[in-house]
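Enquirer: Just so you know, the protein sequences line up as chains P, Y and U, in that order.
With my numbering applied, the first sequence covers 1 to 160.
With my numbering applied, the second sequence covers 1 to 426.
With my numbering applied, the third sequence covers 1 to 265.
Read the hints as simulated data drawn from the structure, not as lab findings.
All C-beta atoms in this analysis are idealised placements derived from N, C-alpha and C, irrespective of residue type, glycine included.
Be aware that one or more of the hints could be misleading.
[Unchecked claim] Label pairs and their in silico Cβ distance ranges:
| hint | chain 1 | residue 1 | chain 2 | residue 2 | range |
| --- | --- | --- | --- | --- | --- |
| 1 | Y | Asp87 | U | Lys207 | 11 to 21 Å |
| 2 | Y | Pro336 | U | Thr253 | 50 to 60 Å |
| 3 | U | Pro204 | Y | Asp87 | 26 to 36 Å |
| 4 | Y | Asp87 | U | Thr253 | 25 to 35 Å |
| 5 | Y | Asn225 | P | Asp86 | 43 to 53 Å |
| 6 | U | Gln182 | Y | Gly305 | 46 to 56 Å |
| 7 | Y | Gly304 | U | Asp234 | 40 to 50 Å |
| 8 | Y | Gln230 | P | Lys160 | 28 to 38 Å |
| 9 | Y | Asp87 | U | Gln240 | 18 to 28 Å |
| 10 | U | Ile244 | Y | Pro336 | 49 to 59 Å |
| 11 | U | Gln182 | Y | Asn50 | 45 to 55 Å |
[Claimed, not checked] Derived pair list, reagent style DSS-like, types lysine-lysine, alpha-carbon separation capped at 25 Å:
| hint | chain 1 | residue 1 | chain 2 | residue 2 |
| --- | --- | --- | --- | --- |
| 12 | U | Lys215 | Y | Lys149 |
| 13 | P | Lys160 | Y | Lys121 |
| 14 | Y | Lys168 | P | Lys153 |
| 15 | U | Lys215 | Y | Lys121 |
| 16 | P | Lys160 | Y | Lys238 |
| 17 | Y | Lys121 | Y | Lys53 |
| 18 | Y | Lys259 | P | Lys160 |
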Amino acid sequence: MKNVYSTIAICAAIGLATGCTSNKTVDEVIEAPQTVEVPEVIEQAPQVVDERPVYIDTTFYFEFDSARLTSGARASLMLHAEQLSDSPRAIRLEGHADERGSREYNMALGERRANAVRNFLILQGVRSSMIETVSYGEEQPQELGSREGAWSKNRRVELK
Amino acid sequence: MSIRLIVLMCLLVLSTQGYANLFIEINRGNDNPAPIAIVPFAKSQGLPENVQKIIAANLERSGFFKPIPPADMLALPTTQEEVVFRDWRLSGAHFLVIGELQKEPTGYAVSYKLFDVLSQKVMHAAVVKGSDEGLRDISHAISDTVYEKITGIRGIFGTKMLYVQDLKRPGASRYRLMYADVDGARARALVKSSQPILSPTWSNDGKRIAYVSFETSRPAIYVMNLATGQATQMTNFKGLNGAPAFSPDGSHLAMVLSKDGSPDIYVMNIATRQLRRITKDRYIDTEPNWSVDGTAVIFTSNRGGSPQIYQVNVNSGRPERLTFEGDYNARPRVTPDGKSMVMVHRQNGVFHIASQDMASGDMRILTETWLDESPSIAPNGAMLLYATQRNNKGVLGAVSMDAGIKFLLPSGQGDVREPAWGPYLN
Amino acid sequence: MRTFIYYSIATLVSLALHGGLLWLVMSTWHTEPEPPRLKRPEFVKATLVELKAKAPKKVEKGRKADPVKKIDLAAQRKKAQAEKKRIEKAKADKKQQLAKQKAERDKAARKKAQKARQAKEAAAKAKAAKQKAEKQALEKKRQAEQAAIEKALQEEEMMLAQQAEAQVVNSYKAVIMDRIAQKWSRPPSARRGMQCELVIQLVPTGKIITVNIVKGSGNAAFDRSAEQAVHAVDQIPELQGMDIGVFERNFRTIHLLFNPEDRRL
């Protein structure tokens, strides 16, 4: 049990460190993923899942024109990473943007967001071959409306 | 005393010069629409299309004309002999169009005359022929000629547009790629899909279009031959496949792909499918648009921290930044004369369409609506279509390049967006 | 370039007129309530007084010189008679000897006196002629000066009249400019920098009877819009009440330069 917590702590530290740096750093880190601790996590995973709530956030939100993960998103993603490491499955990350700005730029922005999530999961030990990313830009809003309330819900990545 | 005399002398000299040739400079005017009377054409009653109405609506939408309703006309002449200029002057008309429609074995022939009421002159006379279903085409052709004769600018009423319609309810035909007259009439779906369709664009000859569809659950670029309706998938790369743009000669497609990491600009030879990478960096580079001569690509990039417009020569490949005003400039489109470009520009948190002079860099905001995007310039360079919102509904707007004329197009079901103004169809 | 010159002239005229008027108003009409018309006689009077004072002086001088010369002539005659008496007394003494001498002397004296008289008379005559010429020259000069003054006077009067007319013309120019500008509906192809020059002919009712393009912009639609604006105006009713002379001098033929400076593009 202690072991699990220390693993989480290490992961959190790494996550925090990478989260505080730019996307560029994230990109660079992916090229040499730190998979050292992955086996340990897999061994301990069943116990963790039993003690956690079944539901983990599958939607992660972003600031305008930004692909930076929030700390909340990182926490949730770490739990997802544990789950996925425990019971691997193919996942699809769908990146979205709010309606403001141009459509193709938002398409690129959605991809950036999906990639940020993808890179974070890979960092947590999820195999890259199991992750598909796609961006829908502003084409599929979660909530209709032209106010910040709706916009903030549409700047997101959905894990499916 | 003597100084006063000199001043008087000067006044005398100058004023006598004025006497010789009284000169008045008219350095301002009005931009009121010109009143024009389009008299219902002879033998045009009881037909499937109202030619007079179509022409009047076209001219009115251009913003430069104010058609006089037939109910306000003192007479309804159909031949030149019946025209009494004095009456038309009294009606306030500056221009007058009369005509006659003849049924021919295969279609119609419309002869018409355009008059300058104030100078009491015939400006133009012609006959236009069309098929049985071609009354709208005939009407647009007459509108184009009348517009050109009076304004000195080629008319665009006979051109077509593409746009995307989203019915906003799940189903096999939720997303539609629409093809219509620029007045919105005769709209028909070229593509229907349950998945998003975006970025429609024309080849310069008007024979092919390109667009992005998610029908394979991932984005891919398609090229459609309009005559056959046949669509060909051009790309199927990992990541982004978007923002297609035909080169001026129609041989290449510029596009954005992220297959090599981050979104970059590529140029594909349509015949050989050979790809050439134009930009190579870890930032977002997207929304390519060709320069008029086809030597450069103008695109959006966030390499400077925020989206801005850059230009890159397709052969030398060193991008040069073009926009410096504001923190959001995206999706450039170059005017047909190459002298300026339009783009999505954010000002005080609101997204407008702005134009920028290529030479001076002066930027001007053209629209007053908000959430404006996807500007598409008419082939005559006088107006542009763009997408905006009204009452939480996506609608199309039009604005003249000098921002003097602004209007919204009537909208149908769901959201309409991403207008793409077609080229002249000769 | 040409249009620039027109423009410059127009600007200069306007500036000069306004500047001049302003200056006049500031320096003269404001500080002295008298209109300039009342100031003019002062200028003329001063010159005339000077001229009159000069002319009589010269005439008096000539009159004074005349009597002096006449007195000299009388004295010399008296002297010659006295000498003759003295010679007759001596003749009684040496009658025969001196008779010839006396006759000769007498003759010589008479001759001399006659000569002297003739000389004196010629001198006087010349002097008089000279005086007359001088007088004439002086008169001529005076007349010329008088003419110059009259001319200046006339010019100034004209100047003032024309200045007043220029004011009137300018006010009507503004009316015409305004009426045409209101009717000038520019085509969308109109751009700043395009210029079209028309010449129009009017009749005193203010009706525009002919319109001709003398210099086009190269854009037929733009030129036509200018022509149409004039046709649309058709008549400048304000010109009806105008003095016919002012109309003929200024408004029979008008050049119009259409220059859309208010266009954004």
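Enquirer: Does each hint fit the structure? Answer for all of them.
Expert: Hint check results:
1. Y:Asp87 - U:Lys207: 11 to 21 Å: 20 Å, holds
2. Y:Pro336 - U:Thr253: 50 to 60 Å: The hinted range 50 to 60 Å is violated for Pro336 (chain Y) and Thr253 (chain U), with Cβ atoms some 42 Å apart.
3. U:Pro204 - Y:Asp87: 26 to 36 Å: For Asp87 (chain Y) against Pro204 (chain U), whose Cβ atoms are near 28 Å apart, the range 26 to 36 Å holds.
4. Y:Asp87 - U:Thr253: 25 to 35 Å: 31 Å, holds
5. Y:Asn225 - P:Asp86: 43 to 53 Å: Cβ of Asn225 (chain Y) to Cβ of Asp86 (chain P): about 51 Å, so the range 43 to 53 Å holds.
6. U:Gln182 - Y:Gly305: 46 to 56 Å: 50 Å, holds
7. Y:Gly304 - U:Asp234: 40 to 50 Å: 58 Å, violated
8. Y:Gln230 - P:Lys160: 28 to 38 Å: 33 Å Cβ-Cβ, so the 28 to 38 Å window holds.
9. Y:Asp87 - U:Gln240: 18 to 28 Å: Between Asp87 (chain Y) and Gln240 (chain U), where Cβ atoms are some 26 Å apart, the hint holds.
10. U:Ile244 - Y:Pro336: 49 to 59 Å: For Pro336 (chain Y) against Ile244 (chain U), whose Cβ atoms are near 55 Å apart, the range 49 to 59 Å holds.
11. U:Gln182 - Y:Asn50: 45 to 55 Å: The hint (45 to 55 Å, Cβ to Cβ) is violated, given that Gln182 (chain U) and Asn50 (chain Y) are roughly 34 Å apart.
12. U:Lys215 - Y:Lys149: 20 Å, holds
13. P:Lys160 - Y:Lys121: Answer violated: Lys160 (chain P) to Lys121 (chain Y) is near 71 Å, above 25 Å.
14. Y:Lys168 - P:Lys153: Between Lys168 (chain Y) and Lys153 (chain P) the Cα gap is close to 18 Å, so the pair holds against 25 Å.
15. U:Lys215 - Y:Lys121: 20 Å, holds
16. P:Lys160 - Y:Lys238: Roughly 18 Å between the alpha carbons, so the hint for Lys160 (chain P) and Lys238 (chain Y) holds.
17. Y:Lys121 - Y:Lys53: 24 Å, holds
18. Y:Lys259 - P:Lys160: Distance ~22 Å between Lys259 (chain Y) and Lys160 (chain P) Cα, so the pair holds.
In this structure, the earlier hints numbered 2, 7, 11 and 13 are contradicted, and the remaining ones agree with it.
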